[in-house]
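Produce the entire structure from the sequences given, and follow the hints as far as they go.
There are 2 protein chains.
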Amino acid sequence: MNKYWSPLVNKLTPYVPGEQPKLDKLVKLNTNENPYGPSPKVLEAIKEVTADSLRLYPDPNSDRLKQTIANYYNLEANQVFVGNGSDEVLAIVFQALFKHDDEQRPLLFPDISYSFYPVYCGLYDIHYTAIELDELFQIKVKSYLRPNSGIIFANPNAPTGILLSLEDIAELLEANTESVVVIDEAYIDFGGETAVALVNQFPNLLIVQTLSKSRSLAGLRVGLALGNAELIEALERVKNSFNSYPLDRLAQAGAIAAFEDVEYFNETCQTIIEDRESLVAALEQLQFRVLPSAANFVFARHTKLDAELLATKLRNRGIIVRYFNKARINQFLRITVGTLEQNQQLIDGIIEIMQETE
Amino acid sequence: MNKYWSPLVNKLTPYVPGEQPKLDKLVKLNTNENPYGPSPKVLEAIKEVTADSLRLYPDPNSDRLKQTIANYYNLEANQVFVGNGSDEVLAIVFQALFKHDDEQRPLLFPDISYSFYPVYCGLYDIHYTAIELDELFQIKVKSYLRPNSGIIFANPNAPTGILLSLEDIAELLEANTESVVVIDEAYIDFGGETAVALVNQFPNLLIVQTLSKSRSLAGLRVGLALGNAELIEALERVKNSFNSYPLDRLAQAGAIAAFEDVEYFNETCQTIIEDRESLVAALEQLQFRVLPSAANFVFARHTKLDAELLATKLRNRGIIVRYFNKARINQFLRITVGTLEQNQQLIDGIIEIMQETE
Chain A
1 MNKYWSPLVN KLTPYVPGEQ PKLDKLVKLN TNENPYGPSP KVLEAIKEVT ADSLRLYPDP
61 NSDRLKQTIA NYYNLEANQV FVGNGSDEVL AIVFQALFKH DDEQRPLLFP DISYSFYPVY
121 CGLYDIHYTA IELDELFQIK VKSYLRPNSG IIFANPNAPT GILLSLEDIA ELLEANTESV
181 VVIDEAYIDF GGETAVALVN QFPNLLIVQT LSKSRSLAGL RVGLALGNAE LIEALERVKN
241 SFNSYPLDRL AQAGAIAAFE DVEYFNETCQ TIIEDRESLV AALEQLQFRV LPSAANFVFA
301 RHTKLDAELL ATKLRNRGII VRYFNKARIN QFLRITVGTL EQNQQLIDGI IEIMQETE
Chain B
1 MNKYWSPLVN KLTPYVPGEQ PKLDKLVKLN TNENPYGPSP KVLEAIKEVT ADSLRLYPDP
61 NSDRLKQTIA NYYNLEANQV FVGNGSDEVL AIVFQALFKH DDEQRPLLFP DISYSFYPVY
121 CGLYDIHYTA IELDELFQIK VKSYLRPNSG IIFANPNAPT GILLSLEDIA ELLEANTESV
181 VVIDEAYIDF GGETAVALVN QFPNLLIVQT LSKSRSLAGL RVGLALGNAE LIEALERVKN
241 SFNSYPLDRL AQAGAIAAFE DVEYFNETCQ TIIEDRESLV AALEQLQFRV LPSAANFVFA
301 RHTKLDAELL ATKLRNRGII VRYFNKARIN QFLRITVGTL EQNQQLIDGI IEIMQETE
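Protein sequence lines correspond, in order, to chains A and B. If you read the first sequence in the working numbering, its first letter stands for residue 1, the second for the next number, and so on. If you read the second sequence in the working numbering, its first letter stands for residue 1, the second for the next number, and so on.
It is possible that some hints are incorrect.
It does not matter which identical chain is used: a pair holds within one copy or between any two.
[As the list claims (entries may be wrong)] Listed below are the simulated DSS-like cross-link pairs for lysine-lysine, each with C-alpha atoms no more than 25 angstroms apart in a straight line: (1) K142 x K3; (2) K25 x K313; (3) K41 x K22; (4) K304 x K326; (5) K326 x K140.
What the hints contain is simulated information worked out from the structure, not anything from laboratory work.
Next comes the structure, spelled out in structure tokens:
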């Protein structure tokens with residue numbers, strides 16, 4: 001506590017991201033990065049940016065990037081918003097669309113989902129209710145049909161990896177017309193179907209995506225939102241009251257190249273999907289129960305070994321996975337699908353640990 | 001108005017940045033970019049970032065960059081905060097240090113200063129009072145000695161370019177112990193003296209800087225704050241409740257290189273200071289009154305020609321300067337110090353316009 005701090009600061013519980021270790025040679029399967037790296041065209045585009053252009057402000061509206069994304073999804077450019085990673089996009093969404101000061105109508109999101117959602121609620125003083133996933137860790141649309149000032153969930157959900165169908169999403173949108181439904185599609189390209197096709201049908205649908213996962217650009221910080229032009233306008237107003245230039249010139253150039261290289265994108269996503277299926281099979285052989293995943297990670301519990309102990313023992317072998325010390329999921333590990341070699345190192349490590357503890 | 005918007009959105013008056021024209025070959029003297037470009041070492045550092053590193057999240061805390069800046073200013077790393085341009089840093093400052101919900105103690109800033117300040121107040125619902133600059137457009141410390149929940153001004157001030165002395169700043173800090181004083185030093189390296197030397201003396205001093213001007217990296221979006229570790233902690237808490245990774249890998253690498261190349265920095269700043277003095281002399285010869293500038297721009301009014309008309313006529317010649325249609329300064333133009341050639345093109349354009357209108 002410091003007398004100079006705004007009262008808000010004392011109440012905050014900041015988000016804690018997964019560890020970004022500064023050691024090399026770790027098998028890093030803890031933050032769902034893509035093992036294959038971005039399209040080579042991204043690096044070419046970045047290297048074309050000159051010193052003479054870096055001295056100039058970037059396009060504050062990222063018009064070329066928005067048009068590229070609009071073309072990709074068959075939308076108009078004014079249906080696209082971009083920001084400094086999907087975390088910034090989400091923060092702006094919470095401020096622009098979810099802050100309604102009505103305690104009778106809380107924001108709704110799953111009790112198990114992206115753990116940044118309650119943090120944003122703290123930052124913007126948004127009243128929320130966490131809705132329980134069912135016993136299979138699935139989102140049940142019916143449990144969201146209640147007074148609310150907004151609904152948000154990840155699809156596929158994180159850290160479960162479980163996908164909600166487009167039919168279920170359409171059912172929710174039809175029943176919930178008075179507030180915005182935000183679908184956080186960070187992992188949609190690994191086997192799910194984006195809800196973009198519903199954007200022109202539902203004025204209250206907003207989709208958030210990131211280039212950090214399927215386009216392998218976690219290091220570049222680019223996220224986006226897709227929706228009705230009026231929802232996008234609300235985001236632009238907040239953004240332009242906060243930071244005119246959230247995307248630097250290198251990020252804009254790289255993101256455009258990433259969206260343009262469709263072939264590389266499709267190939268790498270397909271490879272990760274196939275490798276995920278092999279990883280799931282191998283884990284199941286080692287007595288894990290694995291939730292059905294449509295993401296680039298799996299959420300798995302061992303039938304005998306304690307999850308936290310297992311995570312620690314893997315860490316001692318230089319293999320990092322994500323453990324959440326949280327009710328209902330504290331016996332699960334979230335494991336990123338790595339390269340075939342990394343996945344094998346993980347499996348070998350688990351086998352060793354199982355032998356040790358027998 | 002849209003039923004899905006948060007009530008806040010309707011009240012916002014977003015900031016309007018200076019034009020970023022998409023045409024080439026303009027003489028662009030409207031947004032105070034640096035004509036010389038960043039150190040060549042910045043581009044080298046950016047080109048060393050590999051595809052394999054771009055797939056990974058950046059360091060969320062930008063530790064190496066903070067240490068580099070701390071070394072440069074002889075501070076500790078926990079006295080340094082970094083963000084996605086100084087606009088993001090300022091936004092976080094307003095939220096973390098200025099939002100005190102006490103109408104009897106408004107935030108204070110000059111009536112003529114960076115026009116983003118009142119925009120942030122709108123975004124975070126902060127009560128403020130604009131304090132008049134004196135008749136010579138100077139900040140008078142005495143006029144800030146009144147109940148307040150914070151004080152912020154640019155030094156040198158923008159768009160005037162006028163510098164406040166370190167003695168005046170120390171006097172203000174000594175008299176104003178109950179709230180934070182933020183000095184926005186975007187232009188300090190062009191002839192002013194940074195208040196960094198006062199940081200260890202005053203726990204309520206926060207300095208904000210940018211790499212967009214003196215380090216010629218407007219296209220890279222890096223800003224910073226320097227101050228007491230407890231003030232920095234407040235900024236970190238808000239930042240980590242908003243966006244874990246505001247600086248991408250390229251921005252971190254480029255910013256480190258920019259701070260390390262002291263020689264290039266000193267040379268280019270000195271050149272701009274010299275070119276500013278030549279530009280001022282030339283403008284005075286053409287019947288301008290020029291406010292004393294310690295920035296990389298000048299704020300000047302012609303004794304005969306209307307400022308808005310002059311700006312329009314220059315624009316027609318491909319020369320862009322900044323005009324503010326605002327009380328007290330609507331007969332001034334803010335003109336960036338360009339290359340010698342650009343400055344000459346400006347002077348030639350003004351001479352032509354003067355001949356036309358005689």
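Structure-based check of each hint:
1. K142 x K3: between (46 angstroms within a copy, 23 angstroms between copies)
2. K25 x K313: within (17 angstroms within a copy, 61 angstroms between copies)
3. K41 x K22: between (27 angstroms within a copy, 23 angstroms between copies)
4. K304 x K326: within (19 angstroms within a copy, 72 angstroms between copies)
5. K326 x K140: Classified as within; 21 angstroms inside a copy, 55 angstroms across copies.
The earlier numbered hints are all upheld by this structure, with none contradicted.
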